[in-house]
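Required output: the full structure, derived from the provided sequences and hints.
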Amino acid sequence: MAGQGRADSRPLSPHLQIWKWHWTMAGSIFHRVSGLGLYGGAFLIGAWLVALATGPEAYAFVEMIAFSLPGQILLFLWSMAVLYHFANGLRHLIWDGPMIGFNPGVASLWSMFNFAFAIIGAAVIWSLASFY
Amino acid sequence: MVQLTLPKGSAPKKGKTWPKPEGKKVKKFKVYRYSPEEGGNPRWDTYFVDMDQCGPMILDVLIYIKNNIDSTLAFRRSCREGVCGSCAMNIGGQNTIACTRGWEEIAGPHITIAPLPHQPVVKDLIPDLTNFYAQHAYVQPFLKTDTPEPEKEWTQTEEERELLDGLYECILCASCSTSCPSYWWNGDKYLGPAALLQAYRWLIDSRDEATGERLDDLEDPFKLYRCHTIMNCAQVCPKGLNPAKAIAKIKHMMVERVA
Numbered sequence: 001m002a003g004q005g006r007a008d009s010r011p012l013s014p015h016l017q018i019w020k021w022h023w024t025m026a027g028s029i030f031h032r033v034s035g036l037g038l039y040g041g042a043f044l045i046g047a048w049l050v051a052l053a054t055g056p057e058a059y060a061f062v063e064m065i066a067f068s069l070p071g072q073i074l075l076f077l078w079s080m081a082v083l084y085h086f087a088n089g090l091r092h093l094i095w096d097g098p099m100i101g102f103n104p105g106v107a108s109l110w111s112m113f114n115f116a117f118a119i120i121g122a123a124v125i126w127s128l129a130s131f132y
Numbered sequence: 001m002v003q004l005t006l007p008k009g010s011a012p013k014k015g016k017t018w019p020k021p022e023g024k025k026v027k028k029f030k031v032y033r034y035s036p037e038e039g040g041n042p043r044w045d046t047y048f049v050d051m052d053q054c055g056p057m058i059l060d061v062l063i064y065i066k067n068n069i070d071s072t073l074a075f076r077r078s079c080r081e082g083v084c085g086s087c088a089m090n091i092g093g094q095n096t097i098a099c100t101r102g103w104e105e106i107a108g109p110h111i112t113i114a115p116l117p118h119q120p121v122v123k124d125l126i127p128d129l130t131n132f133y134a135q136h137a138y139v140q141p142f143l144k145t146d147t148p149e150p151e152k153e154w155t156q157t158e159e160e161r162e163l164l165d166g167l168y169e170c171i172l173c174a175s176c177s178t179s180c181p182s183y184w185w186n187g188d189k190y191l192g193p194a195a196l197l198q199a200y201r202w203l204i205d206s207r208d209e210a211t212g213e214r215l216d217d218l219e220d221p222f223k224l225y226r227c228h229t230i231m232n233c234a235q236v237c238p239k240g241l242n243p244a245k246a247i248a249k250i251k252h253m254m255v256e257r258v259a
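Chains A and B, in that order, give the protein sequences.
Sequential numbering of the first sequence, starting at 1, is according to the numbering used here.
Sequential numbering of the second sequence, starting at 1, is according to the numbering used here.
Honestly, the hints are just simulated from the structure, not real lab data.
Accuracy of the hints is not assured; some may be wrong.
Said to hold, decoys possible - Derived contacts from chain B toward chain A, CB cut-off under 10 Å, selection only:
hint : residue
1    : Leu6
2    : Pro7
3    : Tyr34
4    : Pro56
5    : Lys245
Unchecked claim - Straight-line C-alpha distance at most 25 Å; calculated DSS-like pairs for lysine-lysine:
hint : chain 1 : residue 1 : chain 2 : residue 2
6    : A       : Lys20     : B       : Lys239
7    : B       : Lys30     : A       : Lys20
8    : B       : Lys28     : A       : Lys20
9    : A       : Lys20     : B       : Lys8
10   : A       : Lys20     : B       : Lys14
11   : B       : Lys123    : A       : Lys20
12   : B       : Lys13     : B       : Lys66
13   : A       : Lys20     : B       : Lys27
14   : B       : Lys144    : B       : Lys249
15   : B       : Lys13     : A       : Lys20
16   : B       : Lys27     : B       : Lys66
17   : B       : Lys14     : B       : Lys123
18   : B       : Lys28     : B       : Lys14
19   : B       : Lys14     : B       : Lys66
Where a beta carbon is used, it is the ideal one built from N, C-alpha and C, also for glycine.
This is the structure:
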């Protein structure tokens with residue numbers, strides 16, 4: 001059963017509907033979202049490797065999808081997810097190990113940094129990749 | 001269980017808009033209203049308050065509304081100075097106590113005032129905190145000892161006493177627990193930041209002799225480990241405490257006693 005006492009007729013007070021988000025809250029849910037993204041991305045790597053082993057036609061097919069516009073967008077988002085999950089994962093290690101960064105102000109700044117790291121990092125990697 | 005939307009019958013509808021007074025500094029407030037006698041869905045009532053007539057805190061605004069505009073508005077309050085925790089509610093989208101939050105601190109054209117999130121509503125801004133208090137009772141927030149009581153008192157060094165700073169100040173207003181998405185989705189199984197902060201307060205008390213038992217009581221996939229460091233608790237605490245850090249320290253104690 002969800003939460004407390006849905007058997008009674010009293011209404012449940014609004015939660016997400018009214019909440020003013022904190023950076024740390026956004027950072028937490030995007031850690032999970034990017035984690036799910038990586039899970040899906042692992043299958044894509046699998047498909048790429050299988051195609052590589054199967055032969056030129058199969059590889060050409062996967063490459064065609066990867067170089068299409070939706071494929072490129074997906075890959076860009078995926079690279080962002082990798083970078084975000086990496087940065088935020090390190091932060092979780094620092095939270096859980098030496099227990100540093102619990103001050104709300106510091107934690108918010110750190111979340112902003114992780115988002116910036118993912119976006120700018122992915123942009124840099126992609127511009128380098130297109131350059132070479 | 002995660003349910004992002006409100007259940008049927010809980011979604012607030014548009015309510016009554018009260019007349020706007022003359023004045024230079026008139027502020028608009030959207031206040032959550034629900035009456036068990038009337039039944040039906042809750043609603044957002046709109047009030048206009050001339051801030052030249054009213055004190056600086058949100059609690060002053062609520063008292064002004066109750067005295068001068070609409071006497072049916074129900075809310076809890078007592079000390080009006082941040083030590084009792086009664087007037088905890090959601091103000092401008094964040095949980096805090098109404099008596100220490102100034103209306104000028106909240107940006108935007110109007111200020112929303114709602115009960116603490118994801119709780120059953122008794123009336124208007126009054127949530128039913130039975131579950132919250134039961135969780136506090138679960139962590140047994142009192143000294144537990146086996147050795148015979150000393151003749152005078154249980155003594156503590158200054159350093160041992162300092163460990164309780166940042167923990168004992170909790171006023172049990174429930175702002176933190178009801179700010180936590182983990183607590184929203186699993187409030188029936190996860191103890192929540194407030195109860196866990198108190199659990200830690202007794203775990204590190206040098207005089208307490210039930211540390212092992214206390215840790216046993218928390219060793220559970222839900223009671224302690226539903227904390228995902230979302231940090232809403234520390235962000236909203238009106239006393240500036242940090243339940244997230246206390247929870248991390250309990251997790252450390254769990255690991256250390258096995259190692």
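For each hint, the structure was consulted:
For Leu6(B), the shortest C-beta to C-beta distance to chain A is roughly 6 Å, which falls under 10 Å, so the interface hint holds. Look at Pro7(B): its Cβ gets to within about 6 Å of chain A, closer than 10 Å, so that hint holds up. The beta carbon of Tyr34(B) is positioned within 10 Å of a beta carbon in chain A (closest approach about 6 Å), and the interface hint is therefore held. Given hint, Pro56(B) at the interface with chain A, is violated; its Cβ is 21 Å from that chain's nearest Cβ, farther than 10 Å.
Hint status for Lys245(B) relative to chain A: holds, with the closest Cβ pair at about 4 Å, below 10 Å. Between Lys20(A) and Lys239(B) the CA atoms are separated by roughly 19 Å; this keeps the pair inside 25 Å, and the hint holds. The straight-line distance between the Cα atoms of Lys30(B) and Lys20(A) is roughly 15 Å, inside the 25 Å bound, and the hint therefore holds. Between Lys28(B) and Lys20(A), the direct Cα distance comes to roughly 18 Å. Compliance with the 25 Å bound is thereby established for this hinted pair.
Among the hinted pairs, Lys20(A) with Lys8(B) is consistent with the structure: their alpha-carbon atoms are about 23 Å apart, no more than 25 Å. The straight-line distance between the Cα atoms of Lys20(A) and Lys14(B) is roughly 20 Å, inside the 25 Å bound, and the hint therefore holds. About 23 Å separates the Cα atoms of Lys123(B) and Lys20(A), which keeps this hinted pair within 25 Å; it holds. Only pairs whose Cα atoms come within 25 Å are accepted, and Lys13(B) paired with Lys66(B) is accepted, the gap being roughly 21 Å.
With a C-alpha separation of about 20 Å, the suggested pair Lys20(A) and Lys27(B) falls inside the 25 Å cut-off, and the hint holds. For the hint pairing Lys144(B) with Lys249(B), the CA-to-CA distance comes to about 20 Å; that is within 25 Å, so the pair holds. About 20 Å separates the Cα atoms of Lys13(B) and Lys20(A), which keeps this hinted pair within 25 Å; it holds. A C-alpha spacing of about 16 Å is found between Lys27(B) and Lys66(B), which places the hinted pair at or below 25 Å, so the restraint holds.
Distance check on the hinted pair: Lys14(B) and Lys123(B) sit about 17 Å apart at the alpha-carbon level, within 25 Å; holds. Only pairs whose Cα atoms come within 25 Å are accepted, and Lys28(B) paired with Lys14(B) is accepted, the gap being roughly 15 Å. Proximity of Lys14(B) to Lys66(B) is assessed by CA-CA distance (about 20 Å); at most 25 Å being required, the pair is judged to hold.
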